[in-house]
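Chain A is fixed; fit chain B onto it per the hints.
For the protein sequence lines, the chains are A and B, in the order given.
Residue 489 is where the first sequence ends in the numbering used here, and the numbering goes up by one at each step.
Residue 959 is where the second sequence ends in the numbering used here, and the numbering goes up by one at each step.
Keep in mind the hints are simulated off the structure, nothing from the lab.
Worth double-checking, as some hints may not be accurate.
As the list claims (entries may be wrong) - Straight-line Cα separation of at most 30 Å, DSS-like style, residue types lysine-lysine; simulated pairs: (1) Lys354(A) with Lys655(B); (2) Lys568(B) with Lys330(A); (3) Lys96(A) with Lys615(B); (4) Lys615(B) with Lys491(B); (5) Lys354(A) with Lys242(A).
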Amino acid sequence: MSEISQIKKINNMLTSKEISCEELTKSYLAQIDKVNGDLNAYVNVTPDIALASAKKVDEKLAKGEDISLLAGVPMTLKDNISTDGIETTCCSNILKGYKPIYNATVWNILKEQDAVLLGKTNMDEFAMGSSCETSCFGGAKNPHSFDHVAGGSSGGVASAVGGNIAAYGLGSDTGGSIRQPASFCGIVGLKPSYGAVSRFGLIAYASSLDQIGPITTNVEDTAIIYDAISQYDEKDSTSQGKKGCSTCEALKKDIKGMKIGIAREYLEGVRDDVKEAIENAVKVYESLGAEIVYFNLPALKFALPVYYILACAEASSNLGRYDGIRYGYKTPTYENVNDMICKTRSEGFGDEVKRRILLGTYVLSAGYYDAYYKKAQNLRGTIVKAFKNAFDSCDVILAPTVPMTAFKVGHAASDPIETYLTDICTVPVNIAGLPAVSLPCGFNPKGMPIGMQLIGNTFCEGTILNAAWSYENKVRDSVFKSPELGVKL
Amino acid sequence: MKYEMVAGLETHIELGTNTKIFCNCTTAFGGDPNTHCCPICIGLPGTLPKLNKQVVEYAIMAGLATNCEIARVSKMDRKNYCYPDLSKAYQISQYDMPLCEGGYVELSNGRKIRLTRIHIEEDAGKLIHDRGDTYVDYNRGGVPLIEIVSEPDIRSIDEAKEYVEKLQLIMKYIGISDCKMQEGSMRCDVNISVRPQGSQTLGTRTEIKNMNSITYMAKAMEYEFNRQVDVIENGGKVDQETLRYDEVTDTTSSMRGKEDAHDYRYFRDPDLVTINVTDQQIEALKKTLPELPNARYSRYVNDWGIPENDASLLTKYKKVSDFFEAACDGTENPRTAANFIIGQIFRTLENDSAKEEFNVAITAQNLNQLIKLLDSKKIRMNLAKSTLDKMLETGKPVNQLISESDMGGLDDATMLKLCNDAITANPNAVNDYKNGKEKAIKALLGFVMKNSRGKADAVAVERTIKEIIK
Chain A
1 MSEISQIKKI
11 NNMLTSKEIS
21 CEELTKSYLA
31 QIDKVNGDLN
41 AYVNVTPDIA
51 LASAKKVDEK
61 LAKGEDISLL
71 AGVPMTLKDN
81 ISTDGIETTC
91 CSNILKGYKP
101 IYNATVWNIL
111 KEQDAVLLGK
121 TNMDEFAMGS
131 SCETSCFGGA
141 KNPHSFDHVA
151 GGSSGGVASA
161 VGGNIAAYGL
171 GSDTGGSIRQ
181 PASFCGIVGL
191 KPSYGAVSRF
201 GLIAYASSLD
211 QIGPITTNVE
221 DTAIIYDAIS
231 QYDEKDSTSQ
241 GKKGCSTCEA
251 LKKDIKGMKI
261 GIAREYLEGV
271 RDDVKEAIEN
281 AVKVYESLGA
291 EIVYFNLPAL
301 KFALPVYYIL
311 ACAEASSNLG
321 RYDGIRYGYK
331 TPTYENVNDM
341 ICKTRSEGFG
351 DEVKRRILLG
361 TYVLSAGYYD
371 AYYKKAQNLR
381 GTIVKAFKNA
391 FDSCDVILAP
401 TVPMTAFKVG
411 HAASDPIETY
421 LTDICTVPVN
431 IAGLPAVSLP
441 CGFNPKGMPI
451 GMQLIGNTFC
461 EGTILNAAWS
471 YENKVRDSVF
481 KSPELGVKL
Chain B
490 MKYEMVAGLE
500 THIELGTNTK
510 IFCNCTTAFG
520 GDPNTHCCPI
530 CIGLPGTLPK
540 LNKQVVEYAI
550 MAGLATNCEI
560 ARVSKMDRKN
570 YCYPDLSKAY
580 QISQYDMPLC
590 EGGYVELSNG
600 RKIRLTRIHI
610 EEDAGKLIHD
620 RGDTYVDYNR
630 GGVPLIEIVS
640 EPDIRSIDEA
650 KEYVEKLQLI
660 MKYIGISDCK
670 MQEGSMRCDV
680 NISVRPQGSQ
690 TLGTRTEIKN
700 MNSITYMAKA
710 MEYEFNRQVD
720 VIENGGKVDQ
730 ETLRYDEVTD
740 TTSSMRGKED
750 AHDYRYFRDP
760 DLVTINVTDQ
770 QIEALKKTLP
780 ELPNARYSRY
790 VNDWGIPEND
800 ASLLTKYKKV
810 SDFFEAACDG
820 TENPRTAANF
830 IIGQIFRTLE
840 NDSAKEEFNV
850 AITAQNLNQL
860 IKLLDSKKIR
870 MNLAKSTLDK
880 MLETGKPVNQ
890 LISESDMGGL
900 DDATMLKLCN
910 DAITANPNAV
920 NDYKNGKEKA
930 IKALLGFVMK
940 NSRGKADAVA
950 VERTIKEIIK
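This is chain A alone, in the form it adopts within the complex (with noise of 0.2 Å):
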């Protein structure tokens, strides 16, 4: 059988000398060059420190040295992870040109296992955004029907991997920004358990809720992204690294008896054809032996509204720092400081970020901390308890990803509150620190694909990749379809 990871089909290519890895990656860059025009998935395509690190590994196996599993996978980059020396933009006006002089810990962890980065990745600016359209650089398109968007906010990585043009990607995900992109995309996102992944070098949209996770074609390709990237950093104090064994280990283990929760909620105002597609992901896990419980969780009707107070609080103060003063854009001509700075922010960012710090700026203020800020606090405390309570009698949620399948372009920035709505599914998990991955459970009529999410106990990666990975081996063949794109391995 041949291997399903692409990462470990690329290791054993790599290793039995049947490629070099400088073919390799020219073999990517060739597929950008290509498709990436109708994609618009690379915002900055690396070709020099992709051909560096690759020769590098070339090197290494030509004096016969041993290679780490990642070394030679050509993968990207969301745009808001910081790269020392490479432009690192979060797709805004605002920070265009600019150059971190540091790594992000994630980039530090791969680069010492000698990924080849091929490229960084379009998004929603600073991952405000649901279609990837609010990028400065216009949205990313998705590789099963370039007439619809990859989504977002990490829509750039979800459209590279889902078209073949990397071999996976880091995103991150305040409120659903790899989950929702991988689901419309046809392909895998992890949302880690909060502090599982450093977050530093992150540029933060959310403290307090965001994550990097990887987006890979398959399950186990999460599993081993997610194993590597996982590691306790001093340089975050939220982190805490991974609890427990490796999730590689625990992604095959027969998920007979395991308890599959579907809580109601989430299946209301969803449409008929993901209703479907969910419907009949719960009869393959009854056919592997899982057990189905159903529940409500009625806590789960406040996440929106606290998910759009805290994201906009915490972004309000975040993005006070894009100034002029020190990087990134500044307006050419003003009068004094404050002319410069409040011209250099109404000119550098879009308009979702304007609306998000507006909102932010508002829920924090004083007379209004209360009635906002202070009572979303409070309820994110009463969704984390409704979700610990319903851990009591499951080991996994089962749940769309997103209550449709990928949105046509431009539909997205006709409507911000629809738009806001269809994050109902994804935002609670983030709430409540909690791990979920999306993964594909089927195609709508026009062939585009459905995703649904797994939904583990905090640090319990391992038993929804375990869940995930037995529900990919049982219908690989009709749901993880990939496009006719990019590279063939």
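The following block gives chain B in isolation, referenced to the frame of chain A:
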């Protein structure tokens, strides 16, 4: 009508940790602009703060030394405001759960100035204006501060001065800050209001920002007190506003009114975890605290019989006090060491800052040896004094300046002979004394002391001479 001043102080003190509060950059004062910086303290996107444990320990020590209650659970908050010297557009501080609460500082008049709280926070950078351009230096950004907030318990300028001096002294004693106002490592904001003498209600207060010397603080308070009294006397109302003090014109002027007060939008910093302090940690820190100035003062006065004035001179500088303690060790009367220090040694130190530094040529052990020679009557006071002068001049220890032969008293026969020599050599003085000029005896005494090289017992000599010429 007579008016009373009501004032409370907010005092910022830079902590003397080696590294900044959230990164490993040095806290050293000075340095070329932006050389004591890293991605974290200039707030580059994606960086995260990591709380320096020593900052928490130092702040707890400050709290313990000022009788505060130490919070077992506290947290860090963001104070959001936009200014070019603040690289993240928020200052990480503590809002509603400070590390220390309660507490007081006791003044010499017995009044206790209550402390509301002590919290930890980061300092901001500095703007440098040069030929019409403005530059930012972030070297100071992220230097750890404690802010000590007092209740409005201060009733006069003298109390305010003493309160600041006491805080300064306490912090220096426990070694957490050098409290150099001229270098900005200690700064005060003064909240001040006035009310008719005897009234119990508080008047409208103004806040004078950033006082960086005690002298100017006193001047600013005096100006502001008089200004507020004038406003009220003329039938006006004091506006609640934030003021700056101009040292050159000796006046205060408005920075912003109440309606322009900042809304700092405080909220918990999600990048930092809860600060938990255990009883054991507190106990361990308590043990590291030295005896505090007020306690030392009382011990000097009550147990050692040192006059109050001298005791306060000795405790005013930690180095002096430590020197004094060591010099007294094992001697008969601490007043001997006290007199040497306040007299001869202080004369070699020009000003307050020299006393503060206390760079003297001798060690406390050197002085201790000298006092022990006095105690054992091996030398007399005169010789001790002249020897101390030589010691201070040369830095040499006692045994290199006084030989064995100089030590010990005079035997009675030699003394008697010297007394007779003195009488023979100074007939005029003898006559004067006989004619009732008591003071004339001093010339005879001087002769004996000089010729015995200070070894004679002055009291015995005077008595002997008087007996001979009677």
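Taking the earlier hints as the rules, which of them does this structure contradict? 1, 4, 5
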